[in-house]
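S.K.: Chains as they are written, first to last, in this note's numbering: chain H, 1 to 749; chain P, 1 to 81; chain Z, 1 to 158.
Hints listed in this document are in silico derivations from the structure and should not be mistaken for laboratory results. Do not take every clue at face value.
[To be verified] Selected chain H positions facing chain Z (in silico; Cβ < 7 angstroms):
no.: 1; residue: Thr30
no.: 2; residue: Asp38
no.: 3; residue: Ala41
no.: 4; residue: Met44
no.: 5; residue: Val128
no.: 6; residue: Pro638
no.: 7; residue: Gly647
no.: 8; residue: Ala649
no.: 9; residue: Ser683
no.: 10; residue: Met687
no.: 11; residue: Lys691
no.: 12; residue: Ile692
[To be verified] Straight-line alpha carbon distances no greater than 27 angstroms define the calculated DSSO-like cross-link-like pairs of lysine-lysine that follow:
no.: 13; chain 1: H; residue 1: Lys309; chain 2: H; residue 2: Lys399
no.: 14; chain 1: H; residue 1: Lys347; chain 2: P; residue 2: Lys28
no.: 15; chain 1: Z; residue 1: Lys9; chain 2: H; residue 2: Lys276
no.: 16; chain 1: H; residue 1: Lys347; chain 2: H; residue 2: Lys407
no.: 17; chain 1: H; residue 1: Lys413; chain 2: H; residue 2: Lys388
no.: 18; chain 1: P; residue 1: Lys11; chain 2: H; residue 2: Lys407
no.: 19; chain 1: H; residue 1: Lys407; chain 2: H; residue 2: Lys7
no.: 20; chain 1: P; residue 1: Lys17; chain 2: H; residue 2: Lys413
no.: 21; chain 1: P; residue 1: Lys3; chain 2: H; residue 2: Lys305
no.: 22; chain 1: H; residue 1: Lys743; chain 2: H; residue 2: Lys305
no.: 23; chain 1: P; residue 1: Lys36; chain 2: P; residue 2: Lys3
no.: 24; chain 1: H; residue 1: Lys388; chain 2: H; residue 2: Lys309
no.: 25; chain 1: H; residue 1: Lys413; chain 2: H; residue 2: Lys399
no.: 26; chain 1: P; residue 1: Lys3; chain 2: H; residue 2: Lys538
no.: 27; chain 1: P; residue 1: Lys3; chain 2: H; residue 2: Lys165
no.: 28; chain 1: H; residue 1: Lys413; chain 2: P; residue 2: Lys11
no.: 29; chain 1: P; residue 1: Lys3; chain 2: H; residue 2: Lys10
no.: 30; chain 1: P; residue 1: Lys3; chain 2: H; residue 2: Lys413
no.: 31; chain 1: H; residue 1: Lys162; chain 2: P; residue 2: Lys36
no.: 32; chain 1: P; residue 1: Lys17; chain 2: H; residue 2: Lys162
no.: 33; chain 1: H; residue 1: Lys407; chain 2: H; residue 2: Lys305
no.: 34; chain 1: P; residue 1: Lys11; chain 2: H; residue 2: Lys165
no.: 35; chain 1: P; residue 1: Lys36; chain 2: H; residue 2: Lys347
no.: 36; chain 1: H; residue 1: Lys427; chain 2: H; residue 2: Lys413
no.: 37; chain 1: P; residue 1: Lys28; chain 2: P; residue 2: Lys3
no.: 38; chain 1: P; residue 1: Lys28; chain 2: H; residue 2: Lys407
All C-beta atoms in this analysis are idealised placements derived from N, C-alpha and C, irrespective of residue type, glycine included.
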Amino acid sequence: MLDKPNKPEKQKFNVVGTSPLRPDGVDKVTGRARFGADMVAPGMLVGKILRSPHAHARIRSIDVSKAEALSGVKAVVTKDDFNADAEDQDVLYNIMAREKALYDGHAVAAVAAISQSVARRALALIEVDYEVLPHVTDVDEAMKPDAPVLHDHIFTEGVEPKPTKPSNIAQRYEFGHGDVEEGFSEADVIVERNFKTAATHQGYIEPHACLANIANDGSGELWCCTQGHYMVRNTCASLLGIDVSRLRVTASEIGGGFGGKTTVFIEPVAAALSRKAGRPVKVVMSRNEVFRASGPTSSTSSRIKIGAKKDGTITAAESELNYQGGAFAGAPADLGAMCSFACYVLKNVRTIGYDVVTNRPKQAAYRAPGAPMAAFSVESVVEELAGKIGMDPIEFRIKNAAREGEKSSYGPKFRQVGLVETLEEAKAHPHYSAPLGPNQGRGVSCGFWFNFGGQTSTSLSINIDGTVALAVGTPDIGGSRASMCLMAAEELGIGYEQVRAIIADTSSLGYNDVTDGSRVTFASGKATIMAARDSIGKLCERAAKMWDISPDAVVWEEGHAKPAGANAGEFEPLSLAEIAASAESTGGPIAGHHEVNASGAGTSFATHIVDSEVDPETGRVQVTRYTVIQDAGKAVHPAYVEGQFQGGAAQGIGWAINEEYIYGEDGRLQNAGFLDYRIPVASDLPMIDTKIVEVPNLGHPYGVRGVGETSIVPPLAAIANSVSAAAGVRLTELPMSPPRVLKAIDENK
Amino acid sequence: MVKVMLWGSLKPAAEGKAEIHVEASNVKQMLDAIGKAHPGLAPVLERGVSVAIDGQMHRVAGYEPLREDSEVYIFPRLEGG
Amino acid sequence: MHQVHVSTKINGDEIEYLCETDETLLDVLRDKLGLTGAKEGCGSGDCGACSVMLDGRLVCSCLVLGAEAQDREVETIEGMADGENLHPLQSKFLEHAALQCGICTPGVLIATKALLEKNPDPTETEVRYWLAGNLCRCTGYDKIIRAVMDTAADMRGA
Ligand code: FES
Ligand code: FES
Chain H
1 MLDKPNKPEK QKFNVVGTSP LRPDGVDKVT GRARFGADMV APGMLVGKIL
51 RSPHAHARIR SIDVSKAEAL SGVKAVVTKD DFNADAEDQD VLYNIMAREK
101 ALYDGHAVAA VAAISQSVAR RALALIEVDY EVLPHVTDVD EAMKPDAPVL
151 HDHIFTEGVE PKPTKPSNIA QRYEFGHGDV EEGFSEADVI VERNFKTAAT
201 HQGYIEPHAC LANIANDGSG ELWCCTQGHY MVRNTCASLL GIDVSRLRVT
251 ASEIGGGFGG KTTVFIEPVA AALSRKAGRP VKVVMSRNEV FRASGPTSST
301 SSRIKIGAKK DGTITAAESE LNYQGGAFAG APADLGAMCS FACYVLKNVR
351 TIGYDVVTNR PKQAAYRAPG APMAAFSVES VVEELAGKIG MDPIEFRIKN
401 AAREGEKSSY GPKFRQVGLV ETLEEAKAHP HYSAPLGPNQ GRGVSCGFWF
451 NFGGQTSTSL SINIDGTVAL AVGTPDIGGS RASMCLMAAE ELGIGYEQVR
501 AIIADTSSLG YNDVTDGSRV TFASGKATIM AARDSIGKLC ERAAKMWDIS
551 PDAVVWEEGH AKPAGANAGE FEPLSLAEIA ASAESTGGPI AGHHEVNASG
601 AGTSFATHIV DSEVDPETGR VQVTRYTVIQ DAGKAVHPAY VEGQFQGGAA
651 QGIGWAINEE YIYGEDGRLQ NAGFLDYRIP VASDLPMIDT KIVEVPNLGH
701 PYGVRGVGET SIVPPLAAIA NSVSAAAGVR LTELPMSPPR VLKAIDENK
Chain P
1 MVKVMLWGSL KPAAEGKAEI HVEASNVKQM LDAIGKAHPG LAPVLERGVS
51 VAIDGQMHRV AGYEPLREDS EVYIFPRLEG G
Chain Z
1 MHQVHVSTKI NGDEIEYLCE TDETLLDVLR DKLGLTGAKE GCGSGDCGAC
51 SVMLDGRLVC SCLVLGAEAQ DREVETIEGM ADGENLHPLQ SKFLEHAALQ
101 CGICTPGVLI ATKALLEKNP DPTETEVRYW LAGNLCRCTG YDKIIRAVMD
151 TAADMRGA
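Could you build the full structure based on these sequences and the hints that come with them?
M.R.: And the structure:
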């Protein structure tokens with residue numbers, strides 16, 4: 001680590017760090033932008049999906065004959081219309097039930113018909129013979145030895161001795177180091193508490209939508225709103241049993257994803273219907289279907305124990321986190337366990353995570369999957385512990401904060417990180433010392449997320465007039481096209497306006513991983529910079545040819561090729577436009593490419609400060625002031641970075657106060673709509689103040705870190721800390737809805 | 001020798017060890033070597049793991065070069081949102 | 001199936017269409033007339049993504065039947081800009097980065113325009129309550145509110 005530089009390659013910028021208008025902006029304010037449901041094809045049919053009303057039921061038989069016989073019905077599909085040998089059996093089972101329906105809303109059959117009303121009637125004609133089975137939707141219930149078991153093939157992994165009976169606990173993860181028992185024995189004060197969080201939904205306003213057009217030979221096209229169209233292509237090809245090359249997937253504009261559109265739900269169903277009908281089929285989820293049958297978050301229960309000395313040094317920390325992940329294994333218990341204490345340098349730490357299946361829809365990612373729930377419980381205990389010791393909660397955090405070169409709680413040593421900087425900013429922020437009104441309380445929390453890189457392919461063409469066409473393969477979920485244009489313009493030394501970025505379809509550009517893990521500005525950005533450098537190399541070669549000198553003797557500066565070395569000053573510099581104009585005579589088109597599996601993403605930390613007011617009569621919580629402070633490494637487009645901070649905070653406020661999946665005794669979801677699953681509206685929120693901290697990530701030429709996910713990690717605990725301060729009692733269960741807050745206040749009297 | 005650190009729940013499969021030392025000049029060689037030395041780990045490694053090499057996270061373990069004194073952490077495959 | 005014949009005015013143009021009796025105005029706009037600027041986020045009046053003006057009143061087009069548009073005037077996002085000139089709200093939304101994914105934007109713009117026509121000098125609280133029927137999941141509303149306040153100030157000054 002000694003030989004590494006401590007500054008990124010580039011520190012002086014022309015356009016990076018400004019906030020110009022986005023290339024897709026005008027389309028989006030005029031209604032012209034085409035989202036998932038906005039596409040049509042000639043001869044298009046309407047596809048609809050029949051869903052299980054039962055939480056857990058054996059499917060004895062499905063009779064589709066009456067539906068098939070209805071006039072206007074062109075295709076009906078069930079599990080038999082998919083490739084039973086598909087690689088990912090869980091995804092296969094999740095998109096269409098097989099021997100059992102595993103949750104309320106699980107797809108069991110689908111139809112394609114000439115109109116909405118015919119499709120609706122056809123669904124009603126499908127006869128499914130269910131044998132209803134006992135179900136379980138609560139994480140703690142599902143872990144009990146006598147709970148109804150979902151899958152006969154799940155035997156808990158990660159425990160010794162190997163279990164002999166199937167169970168709902170798919171996996172136990174353990175991380176940590178040191179000796180926690182010893183550490184607790186050194187502590188002057190120990191706080192231990194149990195917590196619960198409800199499942200929430202990403203709540204993107206655009207329901208899943210897909211237009212599939214599969215020809216009779218199995219080749220075809222998909223248009224859909226997704227965070228990863230290459231993932232859609234590969235998965236659909238596998239589920240349908242066709243070659244990847246036969247599918248071309250175009251990502252529409254996407255109306256919010258936040259992690260929820262990183263897998264497939266309706267896309268393979270639309271494709272199977274289209275293949276069977278021999279016509280294009282559009283499937284659009286209703287909001288009810290989005291809630292019941294896409295991928296909400298895990299609900300969790302947890303136990304946290306932290307001990308500290310009177311001087312504020314944490315001596316030991318322990319967490320046990322149970323993640324309910326719906327009907328299939330894969331809840332982010334591992335990530336939650338790894339993240340839970342990532343903000344602190346600990347001598348003794350043990351974190352345990354359980355991945356638990358229940359009769360609920362399979363969870364999907366939601367911004368920093370697994371981390372917010374872990375941070376909620378850990379940061380609640382941290383705040384309480386600081387209070388017990390009599391230390392300012394920010395000082396307490398700074399004393400124990402993650403720093404460069406220190407061993408992280410999940411193992412590896414930290415590289416350059418910005419947690420302390422965000423805490424120092426928070427301490428100095430006027431918000432932190434502002435007076436509070438009656439019934440108000442203030443809370444603070446930190447948050448951490450890994451951030452990822454991943455497979456990325458980018459292509460950049462120099463146009464005849466000196467403008468640039470940039471093709472990236474990562475769907476733009478928050479203004480990334482603008483950021484890509486900024487980085488390309490920066491490298492090429494031209495204006496932002498001269499670069500236009502598009503999201504290329506799967507047949508036009510090499511493979512790209514899903515837009516997830518806050519990877520786009522980092523990884524696609526890095527690939528864009530490298531593609532620009534590739535094209536600069538070629539531009540210099542062309543200039544060298546025109547001057548008849550060696551390409552080595554040409555440098556690229558401020559958008560111009562300039563002769564260097566012995567030839568310096570010999571020739572007039574050639575602008576990008578001039579070289580572009582003579583491309584035909586100097587060797588043909590000029591383009592740059594870059595393909596990479598990007599590593600070097602920098603972890604990101606944030607500190608949030610929240611004021612809440614609690615109505616002692618009703619238990620209603622109002623957030624009155626909110627400040628987000630986060631390390632962005634280098635903010636490429638500051639306005640969109642702020643937007644990510646604010647959006648994550650607002651979602652966190654919803655998660656903390658209102659939002660919750662409510663299941664009835666019958667195992668059915670009781671609030672599958674925006675009326676009863678209430679996400680924050682404009683009148684619920686204050687302005688959300690932001691402060692961008694820039695501690696560069698040395699794994700990126702400009703120092704960029706991903707910013708999209710960390711912003712949802714601190715809010716749950718920050719709000720819980722502020723509500724607990726205002727109510728005078730510790731709140732340990734989310735959401736902090738009025739009845740729950742009132743109950744806590746009453747019990748405390 | 002490269003120092004490889006396992007996450008806690010893998011310890012039983014590695015005869016209770018959290019730290020393994022192997023000869024390897026890249027990640028693939030390292031994974032093969034520890035899979036061979038501790039067959040109990042092989043199924044987990046096959047399912048795919050993420051690695052951190054000297055503090056640098058790699059979501060998919062590949063052929064990243066390792067130095068004599070590299071410190072590698074193995075993690076369950078990481079997913080994002 | 002029995003369909004009803006409807007004559008109406010949309011963004012100033014005389015339009016005729018046939019629709020089923022249970023078909024919503026939103027479905028007619030999107031599926032029959034190709035006006036896909038209005039979005040369906042819920043279909044139940046809870047998100048405001050489908051907001052349009054009906055005879056000068058702000059409505060959720062998912063709660064209005066296509067047949068109800070007979071002899072009335074509908075305004076959608078497609079009619080907001082004047083040719084190549086954006087409405088001041090549209091420009092300000094871009095300037096303030098008041099959209100991320102943009103799915104809520106048409107509805108928010110229609111609703112805000114209706115507000116400013118009624119109340120050219122709203123307080124922040126008034127804007128927040130007026131827009132309480134328009135869900136945005138991306139922005140936390142901060143930049144939307146700022147864009148609206150700024151446009152209102154500009155338009156009053158103009
Ligand atoms: S679609 Fe009309 S209010 Fe949501
Ligand atoms: S910008 Fe995405 S919902 Fe408002």
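S.K.: What's the verdict on Lys3(P) and Lys165(H), does the C-alpha distance respect the 27 angstroms limit or exceed it?
M.R.: 36 angstroms, violated
S.K.: Is the interface hint satisfied for Met687(H)? The criterion is a beta-carbon contact with chain Z at less than 7 angstroms.
M.R.: 5 angstroms, holds
S.K.: Between Lys743(H) and Lys305(H), does the CA-CA distance stay at or below 27 angstroms?
M.R.: The given pair, whose Cα atoms are some 24 angstroms apart, holds under the 27 angstroms limit.
S.K.: For a C-alpha distance cap of 27 angstroms, please report whether Lys347(H) and Lys407(H) respect it.
M.R.: 9 angstroms, holds
S.K.: Are the Cα atoms of Lys17(P) and Lys162(H) separated by 27 angstroms or less?
M.R.: 18 angstroms, holds
S.K.: Sort out whether Lys3(P) lies within 27 angstroms of Lys28(P), counting only the CA atoms.
M.R.: 14 angstroms, holds
S.K.: Check whether the Cα positions of Lys9(Z) and Lys276(H) lie no farther apart than 27 angstroms.
M.R.: 40 angstroms, violated
S.K.: With chain Z as the partner, please determine if Ala649(H) meets the hint condition of a C-beta pair closer than 7 angstroms.
M.R.: Where the cut-off is 7 angstroms and the nearest Cβ of chain Z is about 6 angstroms from Ala649(H), the hint holds.
S.K.: Given a cut of 7 angstroms on the nearest C-beta pair, is the interface hint for Val128(H) held or broken against chain Z?
M.R.: 25 angstroms, violated
S.K.: Is the Cα-Cα distance between Lys162(H) and Lys36(P) 27 angstroms or less?
M.R.: 21 angstroms, holds
S.K.: Please check whether Ile692(H) passes as an interface residue: C-beta within 7 angstroms of a C-beta belonging to chain Z.
M.R.: 14 angstroms, violated
S.K.: Under the criterion that the straight-line Cα-Cα distance not exceed 27 angstroms, is the pair Lys388(H), Lys309(H) satisfied?
M.R.: Given that 27 angstroms is the threshold and the Cα spacing comes to 11 angstroms, the pair holds.
Figure legend: structure checked against the earlier numbered hints; hints not met, in rising order: 3, 4, 5, 6, 11, 12, 14, 15, 17, 21, 26, 27, 29, 35.
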